[in-house]
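Chains as they are written, first to last, in my numbering: chain R, 8 to 349; chain V, 8 to 349; chain E, 8 to 349; chain F, 8 to 349.
Warning: the hint list may mix true and false statements.
Pairwise CB distance ranges (calculated) [said to hold, decoys possible]:
1. E:194 to V:261: 47 to 55 Å
2. F:111 to R:215: 27 to 35 Å
3. R:191 to F:44: 19 to 27 Å
4. R:271 to F:193: 48 to 56 Å
5. F:85 to V:307: 49 to 57 Å
6. R:172 to E:228: 51 to 59 Å
7. R:232 to E:228: 48 to 56 Å
8. R:260 to E:335: 36 to 44 Å
9. R:73 to F:47: 47 to 55 Å
10. V:36 to R:172: 40 to 48 Å
Everything labelled a hint here was simulated from the structure, so no lab data went into it.
Here a beta-carbon is modelled for each residue, glycine too, at the ideal position from N, C-alpha and C.
Protein chains: 4
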Amino acid sequence: MTYSIAILGASGYTGAELIRLIAGHPHLAISALGANSKAGKTIAEVFPHLRHLELPALLQIDQIDFANIDLCFCALPHKTSQQVVAALPADLKIVDLSADFRLRDPDAYKKWYGNEHAAVDQQHEAVYGLTEFYREQIAPARLVAGTGCNAATGQFVLRPLVVAGIIDLDEIILDLKCAVSGAGRSLKENLLHAELSEGYHAYAVGGTHRHLGEFDQEFSALAGRPVQVQFTPHLIPANRGILATTYVKGDPDRIYETLCAAYADEPFIEVLPFGETPSTHHVRGSNYCHIGVSRDRLPGRAIITGALDNLTKGSSGQALQNANLMLGIEETEGLTMAPLFP
Amino acid sequence: MTYSIAILGASGYTGAELIRLIAGHPHLAISALGANSKAGKTIAEVFPHLRHLELPALLQIDQIDFANIDLCFCALPHKTSQQVVAALPADLKIVDLSADFRLRDPDAYKKWYGNEHAAVDQQHEAVYGLTEFYREQIAPARLVAGTGCNAATGQFVLRPLVVAGIIDLDEIILDLKCAVSGAGRSLKENLLHAELSEGYHAYAVGGTHRHLGEFDQEFSALAGRPVQVQFTPHLIPANRGILATTYVKGDPDRIYETLCAAYADEPFIEVLPFGETPSTHHVRGSNYCHIGVSRDRLPGRAIITGALDNLTKGSSGQALQNANLMLGIEETEGLTMAPLFP
Amino acid sequence: MTYSIAILGASGYTGAELIRLIAGHPHLAISALGANSKAGKTIAEVFPHLRHLELPALLQIDQIDFANIDLCFCALPHKTSQQVVAALPADLKIVDLSADFRLRDPDAYKKWYGNEHAAVDQQHEAVYGLTEFYREQIAPARLVAGTGCNAATGQFVLRPLVVAGIIDLDEIILDLKCAVSGAGRSLKENLLHAELSEGYHAYAVGGTHRHLGEFDQEFSALAGRPVQVQFTPHLIPANRGILATTYVKGDPDRIYETLCAAYADEPFIEVLPFGETPSTHHVRGSNYCHIGVSRDRLPGRAIITGALDNLTKGSSGQALQNANLMLGIEETEGLTMAPLFP
Amino acid sequence: MTYSIAILGASGYTGAELIRLIAGHPHLAISALGANSKAGKTIAEVFPHLRHLELPALLQIDQIDFANIDLCFCALPHKTSQQVVAALPADLKIVDLSADFRLRDPDAYKKWYGNEHAAVDQQHEAVYGLTEFYREQIAPARLVAGTGCNAATGQFVLRPLVVAGIIDLDEIILDLKCAVSGAGRSLKENLLHAELSEGYHAYAVGGTHRHLGEFDQEFSALAGRPVQVQFTPHLIPANRGILATTYVKGDPDRIYETLCAAYADEPFIEVLPFGETPSTHHVRGSNYCHIGVSRDRLPGRAIITGALDNLTKGSSGQALQNANLMLGIEETEGLTMAPLFP
């Protein structure tokens, strides 16, 4: 059985990553590629690394015939995506990778993104796409909202602990180190090689990063009361990777046991031996997430570190994992390639 | 049908790359991993990026039972490899990735490597492993010698032109830009991040690099007379990739047509549109080789650039391609993953 | 007036950085270079970037005549340094860059370094070399102990706040991002370009890093009671730089005012406008430290980020600043070069 | 004596490099900074690494009063620069860093840049700014045209050999490896970190790079007959540096002797011991150029490698060296800082 796939936003990094993954998937075939700004080009012109693949040329989104598409990935910029999704056929299965459908509450959406949502119906319909925790809802869903890559990393580290009630919910600090591809293929001065290479810095300090909206939504729902974490992202001179260093108050041993138990059967989450720490280099290009727990010298405090590839497990790999569920395919299909090291 | 595989030298980069590739191969299973200096360790200790795989622990080579092994990859240092290969069962299929069996002439071997060969019988038996040009001999071979990664790159660019007799054989310059993983996982000062990052330089200038032995052997055999190229490798601050910039005298149009014809049916060699140039970033982590031809402003001169991943197409990918042939498996099996970009 | 300088440990990175700085200093001249493992070599052989300088060849330390040396920098490995310093002339001015004389308490030294101190007299004599806070004691000192580079960064961010008593001393988290040159020119697998580039990770997690000994000593002394911070260093794929992201509880406005006041007259410490964050790229190769203060969305919490170059302000620049004081030279002499960007 | 300096184009990389260098110059003071697109901003907003300097805010160029300016650096884009220079006071000393005044022949200019020159008088007046070879003309000049950074590198390697008539002028190949800052602070997709890091490629292959105009002009003038070299630039994932690998036919020993003799008294050109090769990492941030000569295994052929920092010796350092001459200051003043390594 082969399913027919469309990718909208094929000229961005998450679009390219979807193509890379689907090219190795035995049950999916790419039937349409949309990329308004680069419509008319071949994929070889936009992404020379994919030139060996036989793929359709890029189209304007409104040129695409969705009649025979089984599932559509939307890898479009936020705000654009909600308009496009609202106009797609109402029965088309969609995995959206933008920020547009992550927040269920219209007020929360407006608070973090500044505008009224243009597709409120779809916003209500969308299922939050953190696969390991929303499998039951994702499988039958029509529209799944991919999570923020930072939000995914932080939740892998923290969700089981919030549920178990074994950490102080008012004392959670997430210090994230993010590679540059998370910012997309955008022409900004601070993303130039000469500006970024050999240097690193914090950004969106103090609680202004939009992925906080997801943390607030998810952790508060799990805890049954408002939870607000501290979260500082940093831009690191590397192309792929997110490393979350998480400071919590709680018993390190119970934390470790809780995480081990939570992820014992998960194919993509690896909890390292107690005291070891993951590296982004060891998950690069893969759908794996590595988690390490360490005891602090101060009693009752632990440091939990989590590493994943923002483009794969943090975005396009997660999206494919969800698509597999939605199409009734084995969840891990097309996603078990080993990381690229060195 | 599943074949049982052993990898000797599993703690080096080409060993890790073999494991990465074989982990995604439907007909191969790793039964034994040898790594004398790290025997007793698990693969997760040596290569944390492979921790999700179920693999045997590393063994001393003499602890390995080769009775049920269908094919053995030797990813050992040169000089070591010839001793190990000589001691392996005489009917064991072997793909050797070292430099030990690349040169057919014992005198040439001694000239470039400085010592008498310790396995002359195997040296005579070995087939040169440049798959695209030695398929007929590789398929039935027992022992195949993987090529040098630089030697592979230069030959992909030049062999069809030497055969066609359309370039001046006395005026060939190969200027190569090599990423650092080609030097292996060795503790040398010049391979430290602080020494290499942000800088680049030529090395083995003037004709001292050992891969020249392969160029001499192969090009002279093709031409039916001695051919000696100029070859300057450079160390570039990147982890994977070889870029060969080749300066030749000949008609650029004929050169382009000849390369297009030579590689028209090759699954892994892509000749770009005339005038375009490849980037190592666009083949990284893949078994593809991209080739570009440009016309110089000086009449009768052309520049040919070739890019591949030294660990994949230049080494372990080539080795697996050869193993597929030797085992009667589809040649491309396990090797068609797209490059990792960005 | 020109002072005669010796540098012991001239073949390491802090040694090279001292030479770079002193080469531009109008009142210092290098008379002797010691480097036991590379004795007999010229500086051009050990550090080709310094080949344009006229410098003495490297000597065994016991070959050096200290009779006419006005001041000696010891850039030796820790444990070695204490033995060498104990054997140097008793009236020789010394700036030590190792870890050996940073901790005043022999028990604390043993706790963090595992051995009895071999030069207890000098340990007692040594002045802690954080220039901005120990100027009065450094100027007349004979032996000054350079601080740890991580310890310097954390103290620049925190000392004025501890003194002012405006942050919760039991709730301080220092998340540090450190470039690779801080690990020195040592042949370790994890410092290879192929291992480090494109990846990053935490290390010494949970309170095992030795620079914690300095934090404990200094903050406790300032506070008049025991203070223990949480501190997690991370290795980042860059050659120079330390970025400290510091999470504290206290009023962000008072914190900002306190830091502005504390550093108003300091030539090398720049407090950025409120809410801005520094980048290591903007201090690279210089003796400047940039500090930024941001308000967290959670009331009563602030994030303070500090950036400096570990080899300059974190080590050799600090050492020269101290040497200037000890020799009666203007403190900033030879240290005001602008950072190298990009 | 202090001279008053203006810098036009202060928001680009060569502008920032000029500020860095002049900040350490004892006889120059920056009186005006022009940057049309960022007029009104402070230097700290445009280049945070220069925030410690007391500098005037950026102005529109037409807001600048040139009455008291002793010398003006124009670090503007080409085509813009010729218009600005034509409108500056006729007696103002100018060092131009753009491409606009490098080619003396209006036809050559039009051939390489595609447009008629808008300041032909100044074009005729301008002196070519390769300091080591045009000192006599530069010192009394009013307008000096900085060379291309690639053109400078190639000429340092080749000029003495062309003059001496000891290499085959029809067989010169320049293979250049260029760091990314040479492309300026421009928002282009191929200059993004995610596109460039970890990969490298050739560009402007086959004789289309505009610096060829300079090679043709200079080498032909030296030889007294037309000389055309082959020249292939490559973009390397590093921020600073140019490495020229030059293939020539001639006697390696005579070549070496000729280069040693030519540069024996030059303060910034270092010819390495025969057979050694320079690295860009060893000249980074400095005004030094390192040159190495190696013998090829093919008789009568040599490889000459030259390394410099494109922003310093290749551009702003050269410009300051010329300004020193024009103002009657010691030529090396402000330029002898050692390279930054690592």
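Status of the hints after comparison with the structure:
Between residue 194 of chain E and residue 261 of chain V the beta carbons are some 50 Å apart, a value that agrees with the proposed interval 47 to 55 Å. A beta carbon spacing of about 55 Å between residue 111 of chain F and residue 215 of chain R contradicts the range 27 to 35 Å that was offered as a hint. The beta-carbon spacing between residue 191 of chain R and residue 44 of chain F, approximately 24 Å, falls within the hinted interval of 19 to 27 Å. Range check, residue 271 of chain R to residue 193 of chain F: Cβ separation about 51 Å, and the 48 to 56 Å hint holds.
In this structure the hint that residue 85 of chain F and residue 307 of chain V lie 49 to 57 Å apart at CB is violated, the actual value being about 32 Å. At about 39 Å, the beta-carbon gap between residue 172 of chain R and residue 228 of chain E misses the expected band of 51 to 59 Å. Checked against the hint of 48 to 56 Å, the pair residue 232 of chain R and residue 228 of chain E fails, with Cβ atoms roughly 41 Å apart. A hinted range of 36 to 44 Å is violated for the C-beta pair residue 260 of chain R and residue 335 of chain E, which are about 57 Å apart.
Evaluation of the 47 to 55 Å hint for residue 73 of chain R and residue 47 of chain F yields a pass: the beta carbon distance comes to about 49 Å. For the pair residue 36 of chain V and residue 172 of chain R, the beta carbons lie near 44 Å from each other, so the given range of 40 to 48 Å is met.
Taken one by one, the earlier hints fail for this structure at numbers 2, 5, 6, 7, 8, listed in ascending order.
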